[in-house]
Amino acid sequence: MFVIKCPHCFEAREEEEFSYGGEAFVARPTSPETESEESWGDYLFMKRNPKGWHWEMWGHSTGCRKFFVLKRNTANHTTVGAWTLAEARKIYDAEEATA
Amino acid sequence: MLNSTTTNISEFSPVMQSPLHPFGLTSKQEKVNDGKGVWANEIPLLGYISLRGNSQNAAFVNAVNSALNVALPTQACSMSYTAWGSILWLSPDEWLITCKRDQRASLQGALETALADIHSQVVDNSGGYTTVLLKGKNASEVLHHCTVYDLNMLQAGKVVGTTFGKLNFYLHQHEDGYYLVFRRSFADYIWRYLERSALPYGFGIAQLNDGL
Ligand SMILES: [Zn+2]
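Just so you know, the protein sequences line up as chains A and B, in that order.
Numbering that gives the first Met the number 0 numbers the first residue of the first sequence as 0 and each following residue consecutively.
Numbering that gives the first Met the number 0 numbers the first residue of the second sequence as 0 and each following residue consecutively.
Bound conformation, chain B alone:
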């Protein structure tokens, strides 16, 4: 039952917080240096759009390509980086589109308009995911502690869904960093797992300039 002392709904102003907000990463970040082997940080509050459709259907692929102005990666485990973010292949009929939070609405709108008459699904999943960037000279070693995937197989332009401890996540590599994309509710487990795995190498919170 609602309590009469509950804040009036008109005064309710929700605050957007990233899943790793409780770790206070922003206040702990420092300039990357040689003193530590592993550097990580959350890329907080990105926009995430789930896209589903039949990649064998040329009308679907063409509509997506024109809406996003970039070719949809239809090859298994492939992905593309775009001016506004990235498109990850998740399965033969599913993709995850990441972008800056404030671009999510326009991208989603463009997709919905282009796909109006085509069997497909476009869903805003921005509240459901977050991304961690992992770099440093021992980043691969740390990931090897966390996943069963053979990281030698992870070339640029590839994304894999695999295990992280007891959970699953999506992993891709770009320039000198690994990007770990996972469900919001996994954030606490994954961050603590990374911290502990990185103990032998030295673990630092990196300053983030990447806006991927």
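One chain only, chain A, in its complex shape:
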């Protein structure tokens, strides 16, 4: 159990109020019809699944029912922060650019 600060409710809440929404910013192929089965399968199923820092989506299911982005360490549940999708995108892109 850990605590998440919802970027819409601006309050730290129990994990139980939230639901996990998978890895964040997985780019959907722009034309699924012409995508090969292999790359479409990769898009659907091949996630980074790191041990360590992970950008992921969460939904505040019992609260504001909005989705947002959380950067969480999968090994020990520490979190760096939670942002709206638009805010997180900028930080994520900057981080990816230097990675």
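Because the hints were derived from the structure by calculation, they are not lab data.
Careful: at least some of the hints might be erroneous.
As the list claims (entries may be wrong) - Sample of chain A residues lacking proximity to chain B, with all beta carbon distances greater than 12 Å (derived): (1) 2; (2) 11; (3) 12; (4) 44; (5) 60; (6) 64.
Said to hold, decoys possible - Once the Cα atoms are required to be at most 25 Å apart in a straight line, the calculated PhoX-like pairs of lysine-lysine come out as: (7) 4(A) with 165(B); (8) 30(B) with 165(B); (9) 27(B) with 134(B); (10) 165(B) with 65(A); (11) 46(A) with 70(A); (12) 4(A) with 157(B); (13) 4(A) with 70(A); (14) 65(A) with 157(B); (15) 134(B) with 165(B); (16) 136(B) with 27(B); (17) 65(A) with 4(A); (18) 50(A) with 4(A).
Unchecked claim - Estimated spans, in silico, between C-beta atoms of each pair: (19) 152(B) with 76(A): 15 to 23 Å; (20) 99(B) with 64(A): 22 to 30 Å; (21) 51(B) with 38(A): 18 to 26 Å; (22) 79(A) with 13(B): 49 to 57 Å; (23) 99(B) with 49(A): 51 to 59 Å.
Ideal Cβ positions, reconstructed from N, Cα and C, are used throughout, including at glycine.
Go by the hints and put chain B with the ligand onto chain A.
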């Protein structure tokens, strides 16, 4: 297939019943006394209006403010009490307006007129929700059994959406009572959960004068 013995549609007269009607709360209510630690009752058959729109859009906020004659709470988890009921912030673009049932149509009409040209949504949800009022010296203890929310964080003027057992509900506190707002279909579960959680403290059905 329709049965020929079915009541003729012209004779069909639906009866409005609150979600907690089967518990017969009206006949069990008594005057609040020191003998029991927790008092509750349903505030039945209120009007509920769902309002959606962009709170960053000044035209939307102004239109709502003038239609309701009260400022729309745009701060996260804030709410306001009005002469006719309350406005609960549910999310950055969604509010729940509660009022007396017979005022619902006029409030909804005023909102629809004011928001006619603005991207927004106004929906009558009166059939979808109900409210339970919980009070008494052990009311907080009972709620602690029911929700993961830290009730010390719940000041007046605040509304939170959080868990109730396996479900979710909206919770706010006003004067000496907690107001639990939830979906109609959750009523049975929530009422029984409250009854059982309150067993150690004594559970009574309070007389209701609150018309919130
Ligand atoms: Zn939230």
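(request) Would you check the hint for residue 165(B) and residue 65(A), treating anything up to 25 Å between C-alpha atoms as holding? (result) It holds: about 19 Å lies between the C-alpha atoms, which stays within 25 Å.
(request) For the range 49 to 57 Å, tell me whether the beta carbons of residue 79(A) and residue 13(B) fit it or not. (result) holds (54 Å)
(message) Range first: 15 to 23 Å. Now tell me if the beta carbons of residue 152(B) and residue 76(A) are that far apart.
(response) Since residue 152(B) and residue 76(A) have Cβ atoms about 22 Å apart, the given range 15 to 23 Å holds.
(request) Given the range 51 to 59 Å, decide if the beta-carbon distance of residue 99(B) to residue 49(A) lies inside it. (result) Roughly 55 Å apart at Cβ, these two residues keep to the hinted range, so it holds.
(request) Grab the minimum beta-carbon distance between residue 44(A) and chain B and tell me whether it stays above 12 Å. (result) Answer for residue 44(A): holds, closest chain B Cβ roughly 30 Å.
(message) Against the 25 Å threshold, does the CA-CA distance of residue 50(A) and residue 4(A) hold or violate the hint?
(response) holds (22 Å)
(request) Could you let me know if the closest chain B CB is still more than 12 Å away from the CB of residue 2(A)? (result) Non-interface label fails for residue 2(A): nearest chain B Cβ at 10 Å, not farther than 12 Å.
(message) For a C-alpha distance cap of 25 Å, please report whether residue 65(A) and residue 4(A) respect it.
(response) Measuring from Cα to Cα gives roughly 13 Å; hence the hint holds.
(message) Would the non-interface assignment of residue 64(A) survive a Cβ cutoff of 12 Å against chain B?
(response) violated (6 Å)
(message) Need the status of pair residue 27(B), residue 134(B): alpha-carbon distance at most 25 Å?
(response) holds (16 Å)
(message) With the threshold set at 25 Å, check whether the alpha-carbon distance from residue 4(A) to residue 70(A) stays at or below it.
(response) With a Cα-Cα distance of about 12 Å, the restraint between residue 4(A) and residue 70(A) holds, given a limit of 25 Å.
(request) Verify the proposed pairing of residue 4(A) with residue 157(B), using a straight-line Cα cut of 25 Å. (result) The given pair, whose Cα atoms are some 17 Å apart, holds under the 25 Å limit.
Of the numbered hints given earlier, the model fails hints 1, 2, 3, 5, 6, 8, 21; all others are met.
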